[in-house]
Amino acid sequence: MNGLRRFAGFVVGNAIVLFARFLTAVRGIWLGVEPVPHKRVYYSNHTSNADFVLIWTALPPRMRRQTRPVAAADYWFKSKLRAFIITDVFNAVPIDRRAEVREDDPLAKMVAALDEDASLIIFPEGRRNEGPDPLLPFKTGLFHLAEERPDVDLVPVWLENLNSVMPRGEVFPIPLICTVTFGAPIHLDVGEDKAAFLERASDALLELRPRQEAAS
Amino acid sequence: MSELYPLLGSVIGILVVLSLAIGILREWKFADGSNDIIETLNGYIIVWWGMVVVFWLSSLLGHTGVILLFFALSFAALREFLTLTTKSRSDHYALLLAFIFVLPFQYYLLWIDWYGLYSIFIPVYAFLILPVVSVIRGATQDFLIRVAETQWALMIAVFCASHVPALLLLDIAGFEGRNVLLIVYLVAVVQIHDLMHYLFAKLVGRRKVMPQLEASKTWEGVAGGFVGAIVIGTLLWWITPFAPWQAFFVSLVLCMCGLGGRMVMTAIKRDRGVKDWGHLVPGHGGFVDRLDSVVFAAPIFFHMVRFFWG
Numbered sequence: 001m002n003g004l005r006r007f008a009g010f011v012v013g014n015a016i017v018l019f020a021r022f023l024t025a026v027r028g029i030w031l032g033v034e035p036v037p038h039k040r041v042y043y044s045n046h047t048s049n050a051d052f053v054l055i056w057t058a059l060p061p062r063m064r065r066q067t068r069p070v071a072a073a074d075y076w077f078k079s080k081l082r083a084f085i086i087t088d089v090f091n092a093v094p095i096d097r098r099a100e101v102r103e104d105d106p107l108a109k110m111v112a113a114l115d116e117d118a119s120l121i122i123f124p125e126g127r128r129n130e131g132p133d134p135l136l137p138f139k140t141g142l143f144h145l146a147e148e149r150p151d152v153d154l155v156p157v158w159l160e161n162l163n164s165v166m167p168r169g170e171v172f173p174i175p176l177i178c179t180v181t182f183g184a185p186i187h188l189d190v191g192e193d194k195a196a197f198l199e200r201a202s203d204a205l206l207e208l209r210p211r212q213e214a215a216s
Numbered sequence: 217m218s219e220l221y222p223l224l225g226s227v228i229g230i231l232v233v234l235s236l237a238i239g240i241l242r243e244w245k246f247a248d249g250s251n252d253i254i255e256t257l258n259g260y261i262i263v264w265w266g267m268v269v270v271f272w273l274s275s276l277l278g279h280t281g282v283i284l285l286f287f288a289l290s291f292a293a294l295r296e297f298l299t300l301t302t303k304s305r306s307d308h309y310a311l312l313l314a315f316i317f318v319l320p321f322q323y324y325l326l327w328i329d330w331y332g333l334y335s336i337f338i339p340v341y342a343f344l345i346l347p348v349v350s351v352i353r354g355a356t357q358d359f360l361i362r363v364a365e366t367q368w369a370l371m372i373a374v375f376c377a378s379h380v381p382a383l384l385l386l387d388i389a390g391f392e393g394r395n396v397l398l399i400v401y402l403v404a405v406v407q408i409h410d411l412m413h414y415l416f417a418k419l420v421g422r423r424k425v426m427p428q429l430e431a432s433k434t435w436e437g438v439a440g441g442f443v444g445a446i447v448i449g450t451l452l453w454w455i456t457p458f459a460p461w462q463a464f465f466v467s468l469v470l471c472m473c474g475l476g477g478r479m480v481m482t483a484i485k486r487d488r489g490v491k492d493w494g495h496l497v498p499g500h501g502g503f504v505d506r507l508d509s510v511v512f513a514a515p516i517f518f519h520m521v522r523f524f525w526g
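Chains as they are written, first to last, in the working numbering: chain H, 1 to 216; chain P, 217 to 526.
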């Protein structure tokens, strides 16, 4: 039964990747790091529920199994289909965003996954950005992760155009070309405080935006 | 069709020799992709191999195969084009309609050979209906810009591109079963114009023309492109329904369309601040980059042939 689920997850995962390619012809631009299976935390701007799918698609296949998106359990465990996709296809690290009801510590789960040699995909804005600002202020999770595991590379990843493919509230996506830009990794400096680190992390991500948009 | 096989064979032969020569030269001297001329030639050879596929599809599957191929290419082109246009949330359904209805329907009309509708469907019906779909959602900011840019995308990526396979549908007395050669002729003349233009500008270009558009554009390039393409276009008269003197004028018109198309599409890229439309062909941009001039010339070539020889 378990083998069957894993196989189904593999097939569905490839179907999702194929569909994402058909819609977005997605291209990974590796500016600051090489596409090699190195333990990393990819942190990215968040505009759509399909964000991690696009990052996952842009990764070379052999790196996908080791790269686990950190996903909101309160959203993804609402139905059986969502639960299947998030656990069996993407092998996600589920965390509960509702501090008042959760029993386990999200940070501990992420650190545990890193210690098992997985890479992570996280969205430090904490929720989908729908406003005119390119980035929302970062939540503190990225800082605590950097504090706990200072040797892990924190790689900024800019997702371009996915919000036009599927704006929030729309049912059908339209095909448009998307890019996923991987920047140079950052680390927590000795003695750096939370606010300074989060601002530096946010700036490193913003710097990856394509030029024509930055100009407007 | 079978009498075309010697031609296909020699084209493949020439391409194999060219591809090998370029490939070896590239590996041997310019493995880092630093030589611009080699890289450009390589880009053209990719398109010419694409022509062999068109040829092969048309002999294997007839019109259907070529129409399906261009349907897929139009999809890729429209995806590239609309990525760069101005749009808002309100256009979501209009754009969706462009992809799931306008694009397939245009190729369906081609497939059933309904000339009266496929030649006006996009400029009349799609152009009038899509803005209505956009306006229903309310946002009026940049409305004219959004509508106009979406229309241009459909015009180039679907309407113009669909006129390449439409050449297969023309009835020309005494030319039955050889229409695929019209596609070959169109692509060959326009691409040779582009290539000659590039080579002359690169090697002997001195007097600049329109430097604000392209720093490399020179009168020598324009002259070299026209002369080269017209000579070859005239010499290829025997694969077309044209007499040699007619082939001369057809090539001249194709050169003008090709040059104009290239300039217009470059201006659009300039405006949007991008180097390439897309990345369909790794290292050589997208479909629109490879075939902008051909696509631009296609409807004019189509109607010219239909009017004088159809």
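Do not rely on the hints blindly, as some may be mistaken.
Restraint ranges, calculated between C-beta atoms of paired labels, are given here [what the hints assert, rightly or not]:
#1 E103/H with A355/P: 43 to 49 Å
#2 A364/P with N14/H: 35 to 41 Å
#3 A184/H with A364/P: 36 to 42 Å
#4 S235/P with A196/H: 52 to 58 Å
#5 A112/H with L241/P: 50 to 56 Å
Take a look, some chain H residues computed to stay more than 12 Å from chain P by CB distance [claimed, not checked]:
#6 R27
#7 G32
#8 D74
#9 N161
#10 R168
#11 G169
Now the stretches of chain P that chain H is said to cover, found in silico as 3 or more residues with beta-carbon under 8 Å [said to hold, decoys possible]:
#12 289-300
#13 383-392
Just so you know, the hints here were simulated from the structure itself, not pulled from any lab data. Backbone N, C-alpha and C fix where the C-beta goes; we use that ideal spot for every residue, glycine too.
Here's how the hints hold up against the structure:
Distance hint check for E103/H and A355/P: the Cβ-Cβ separation is about 45 Å, which falls inside the suggested range of 43 to 49 Å. Distance hint check: the CB atoms of A364/P and N14/H are about 40 Å apart, consistent with the given range 35 to 41 Å. Our hint of 36 to 42 Å for A184/H and A364/P holds, since their Cβ atoms are close to 40 Å apart. Checked against the hint of 52 to 58 Å, the pair S235/P and A196/H passes, with Cβ atoms roughly 55 Å apart.
For the hinted restraint 50 to 56 Å between A112/H and L241/P, the CB-CB distance of approximately 54 Å keeps it satisfied. Not every Cβ of chain P is farther than 12 Å from the Cβ of R27/H; the closest lies at roughly 5 Å, contradicting the non-interface assignment. Every CB of chain P lies more than 12 Å from the CB of G32/H, the least distance being 20 Å, so the non-interface label holds. Non-interface status of D74/H relative to chain P is upheld: no Cβ of that chain comes within 12 Å, the nearest being about 26 Å off.
At roughly 7 Å from the closest C-beta of chain P, the C-beta of N161/H falls inside 12 Å, breaking its exclusion from the interface. Distance to chain P contradicts R168/H as a non-interface residue, since its nearest Cβ pair spans about 9 Å, not more than 12 Å. Remark: the non-interface label on G169/H conflicts with the geometry, its nearest Cβ contact in chain P lying 9 Å away (cut-off 12 Å). Residues of the stretch 289-300 of chain P lying with their CB closer than 8 Å to a CB of chain H number 7, which satisfies the three-residue condition for coverage.
Counting residues of the stretch 383-392 of chain P whose CB falls under 8 Å from any CB of chain H gives 0; the rule of at least 3 is not met.
Violated hints, in rising order: 6, 9, 10, 11, 13; the structure is consistent with all others.
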